[in-house]
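Numbered according to this note's numbering, the sequence shown spans residues 104 to 309.
Since the hints were made in silico from the structure, they are not lab data. Any given hint might turn out to be false.
[Unchecked claim] In the DSSO-like style, the derived pairs of lysine-lysine whose C-alpha atoms are separated by at most 30 Å in a straight line are:
id	residue 1	residue 2
1	154	142
2	142	264
3	264	306
4	205	113
5	223	306
6	306	113
7	307	187
8	142	113
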Amino acid sequence: MLLYITANRKPVEESVSLTVGGAFLDAYRTAFPDSRVEKLDLFEETFPLPKREELAMWERQRVLSEEEVNALMNPHVEQFKRAKRIVFVTPMWNMSFPPQVKAYIDRIIVPGHTFEFTEKGIEGRMNEKQVLHIQSTGGIYSDGPLTSFEHGDSYLRLMMKLIGVPSYDLIRIEGTSTNPDHVPRRLRQAETDIQDLLTAWQKKHR
């Protein structure tokens with residue numbers, strides 16, 4: 104199953120990231136016709152803040168009982184665990200991503216489910232998943248003076264590494280505000296990157 108996660112209030116025709124995301128879905132369904140796709144729009148979700156009792160279960164080196172593990176279960180982490188492949192589609196907001204993405208991450212980074220505390224430290228459990236981040240940015244963040252200001256993909260990549268995800272890819276469409284004339288070329292490059300990634304996924308699938 105592929106989990107397709109979006110966080111954007113714009114309609115597709117006004118969003119570069121959603122446009123590329125749509126192109127990915129079309130290509131994915133061709134490459135993996137038998138794979139089920141579940142869509143999750145984070146702007147349509149509600150993310151309750153963690154309760155005090157839940158936070159207490161995050162203490163390092165604490166061994167959780169089966170009852171405590173079950174208490175930390177939520178629909179978002181259950182869906183995430185079911186998915187073999189996960190795609191995040193996000194615009195850049197204030198050098199990061201919409202707050203709904205952070206709220207979602209807090210719902211899936213859960214001890215006893217996506218990672219566990221061991222004698223060696225944190226050990227991720229999501230060691231068979233493939234994650235793709237499709238990100239659009241108004242400026243150029245892959246190199247140059249703004250590189251250190253990018254806190255969206257860098258954070259998502261770090262959190263996926265924390266829970267053991269071995270395969271993480273980024274397709275970034277940059278300069279949508281500063282270099283709008285370059286967007287068509289960057290969209291074409293994104294389509295090429297999609298095909299290359301799906302080919303790699305197919306090889307791993309065999």
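Comparing the hints with the structure gives:
no. : hint      : result
1   : 154 x 142 : holds, 27 Å
2   : 142 x 264 : holds, 23 Å
3   : 264 x 306 : holds, 22 Å
4   : 205 x 113 : holds, 19 Å
5   : 223 x 306 : violated, 33 Å
6   : 306 x 113 : violated, 35 Å
7   : 307 x 187 : holds, 12 Å
8   : 142 x 113 : holds, 16 Å
Consistency with the previously given hints fails for numbers 5, 6, ordered from lowest to highest.
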